[in-house]
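Trainee: Quick note, the working numbering runs 114 ahead of the 1-based positions in the sequence shown.
Hint data in this document are derived by calculation from the structure and do not stem from the laboratory.
Beta carbons: idealized from backbone N, C-alpha and C, even for Gly.
Wrong hints could be hidden among the right ones.
Claimed, not checked - Think about it this way: if two alpha-carbon atoms lie no more than 27 angstroms apart in a straight line, the pair counts; the simulated DSS-like pairs of lysine-lysine are: (1) K542 / K564; (2) K564 / K581; (3) K581 / K522; (4) K522 / K564; (5) K486 / K542; (6) K217 / K336; (7) K367 / K486; (8) K264 / K311; (9) K217 / K367; (10) K311 / K339; (11) K264 / K336; (12) K339 / K264; (13) K542 / K311; (14) K197 / K264; (15) K217 / K311; (16) K309 / K197; (17) K264 / K542; (18) K217 / K264.
Said to hold, decoys possible - Here are the in silico distance ranges between beta carbons for each label pair: (19) P538 / E281: 45 to 53 angstroms; (20) E181 / T559: 44 to 52 angstroms; (21) T521 / Q385: 12 to 20 angstroms; (22) D362 / T521: 50 to 58 angstroms.
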Amino acid sequence: MKAHLWLLAIAAAVTAALSAPQAHAVSDDTSRDLSAVGSPIQPAPADPAIAHALQQISPQQIQHTIETLVGFHTRNTLSSMTKDLPAGQGINAAADWIESEFKHYSDACGGCLEVRRDTFTESPQSRIPQPTTITNVYAILRGSDSTQAKRMYLVTGHYDSRNTDVEDTHAFAPGANDDASGVAVSLECARVLSKLKLPATIVFVAVAGEEQGLNGSRHLAKLAKSEGWDLGGVLNNDIVGGNTTPGDTFQDKSLVRVFSEGIPSSATPEQARLIQSLGYENDSPSRELARSILDVSETYHGAGNVRKSAPPSHFRPVLEFRRDRFLRGGDHTSFNQEGFAAVRFTEWREDFNHQHQNVRTENGVEDGDLLKYVDFQYVAHVAALNAATLATLADAPPAPANVRVLTKDLDNNTTLAWSGTGAPSGTKYEVVWREMTSSGWQFSTNQGIKQPGTPDGGYSITLPISKDNVIFGVRSVDAQGHRSPAVAPLPER
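Hey, can you work out the whole structure from these sequences and the hints?
Mentor: This is the structure:
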């Protein structure tokens, strides 16, 4: 999403972070007005093809991926320039293996994936003492509909690792959770979704240079912007291994956090002021993408109860309305800075003894990002939620364009208008709304009226609800119930 289109929110109907009843609770004094012309939001119907693909997600395959990555001994980004590592060690060997996995998946689907390397030389800077080769490895599943294939959705994890000394290129740096787990999500999504025919395009990525300063993702995000990628959303998975520390009673394997920025980091001062004046601080493209993830989780009940081996009763994302954790950062921010919607998946409770530490035992405490602390079933739940989100967004029609709310009159009604140009035959439109204090859409109606004599496929609707009391959005829906991102309206006088 381009920076100047920051208000074209990428959203679907949502529920609250922890429970649907709380999400859709409506205060008694406003419920009559809000529901007078709409119906309560319901989860979208499950798509049988997507549901079948999710059942193919394998904790065993994920374990194989993470074990293989750990087996490279170190994946420190700087090791790309190290000449004395034993054969089969270092980040270059890891990049070659990731590329071979993508090619293997492509062979299985008749060459459906375009496997590429984004290789560049990073100049010396903090954490990079000499010119260093960095390689991102990615695979593109082109959309099956020539008119929709330009829309793209991306999933990524970083395959580089580190220990206490971020410039140590020789010591054991297993990086099992941070972030072989995220790379396993990206690879597993590629393996199962490459078997589907989806109208829009999906890009599966493993970036390097994260631990040196988000270098790989920054380069790829700039590449995407310079090449004009119509990138509707980025899912970054970083530390999604479901850390399993003996005795940690606060870990919750039914939850995964989804972090998203508020006012877009790419917004100009004028755009930021407009966001604040409209009350859209919680409706940034990244926040709407996060809400879409939550909506998908309601449809597929976590989409992750694969293999049915002691699954949580309802695996679900928790929306964390901040860009990232305190004192930390991630690759989604590189895409945010280029004007794209992007979020970060991270396990519910991290153990920092198992991140960025040399492998050792001190005072009875075992440090190091070791394989033994990763829960492969948990990673499978996260992978399934990612895959369901990617497939749903790729299946949905394009979002409506030129969405606006008419503000020329002082009244208690709301008139919305939008364009459906480029939408496939059979596309319908829903208007969604929520109270200002609600985290998710509460009501919807599909009573938009086609305006005669409008060559751009114009629609409008007037609702007896005050535009001053709620947040509105408009989304496209196909016959199977796949929902496009919702778009927040701009005021028009």
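Trainee: All hints are to be evaluated individually against the structure, with a verdict given for each.
Mentor: Against the structure, the hints:
Note on K542 and K564: the hinted pairing holds, with a Cα-Cα distance of about 11 angstroms set against a maximum of 27 angstroms. Restraint check for K564 and K581: satisfied, since their Cα atoms lie roughly 21 angstroms apart, inside the 27 angstroms limit. Of the pairs offered as hints, the one joining K581 and K522 holds, with about 12 angstroms between alpha carbons and a cut-off of 27 angstroms not exceeded. For the suggested pair K522 and K564, the alpha carbons sit about 21 angstroms apart, so the restraint of at most 27 angstroms is met.
Distance hint between K486 and K542 is unfulfilled; the C-alpha atoms sit about 49 angstroms from each other, more than 27 angstroms. For the hint pairing K217 with K336, the CA-to-CA distance comes to about 25 angstroms; that is within 27 angstroms, so the pair holds. Taking the CA atoms of K367 and K486, the gap is about 16 angstroms. The hint holds against a cut of 27 angstroms. Note on K264 and K311: the hinted pairing holds, with a Cα-Cα distance of about 15 angstroms set against a maximum of 27 angstroms.
Using a Cα cut-off of 27 angstroms, the hinted pair K217 and K367 is violated, with the two alpha carbons roughly 32 angstroms apart. A threshold of 27 angstroms between alpha carbons decides the hint, and for K311 with K339 the separation of about 26 angstroms falls inside it, so the pair holds. A threshold of 27 angstroms between alpha carbons decides the hint, and for K264 with K336 the separation of about 18 angstroms falls inside it, so the pair holds. Between K339 and K264 the alpha-carbon distance is near 13 angstroms, which keeps this suggested pair within the 27 angstroms criterion.
With a CA separation close to 22 angstroms, the supplied pair K542 and K311 stays within the 27 angstroms bound. The hinted pair formed by K197 and K264 fails the criterion: a straight-line CA distance of about 41 angstroms is larger than 27 angstroms. As the CA atoms of K217 and K311 are separated by approximately 18 angstroms, the hinted pair is consistent with the 27 angstroms bound. A threshold of 27 angstroms between alpha carbons decides the hint, and for K309 with K197 the separation of about 39 angstroms lies outside it, so the pair is violated.
For the proposed pair K264 and K542, the alpha carbon gap of about 21 angstroms is at most 27 angstroms, so the pair holds. Under the criterion of a C-alpha separation no larger than 27 angstroms, the hint pairing K217 with K264 is consistent with the structure, at around 23 angstroms. As the Cβ distance of P538 to E281 is approximately 52 angstroms, the hint placing it in 45 to 53 angstroms holds. Between E181 and T559 the C-beta distance comes to about 51 angstroms, which sits within the given range of 44 to 52 angstroms.
Checked against the hint of 12 to 20 angstroms, the C-beta distance between T521 and Q385 comes to roughly 18 angstroms, which is consistent with it. Take D362 and T521: their Cβ atoms lie about 52 angstroms apart, and the range 50 to 58 angstroms holds.
In summary, the structure is inconsistent with hints 5, 9, 14, 16 from the numbered list given earlier, while agreeing with the others.
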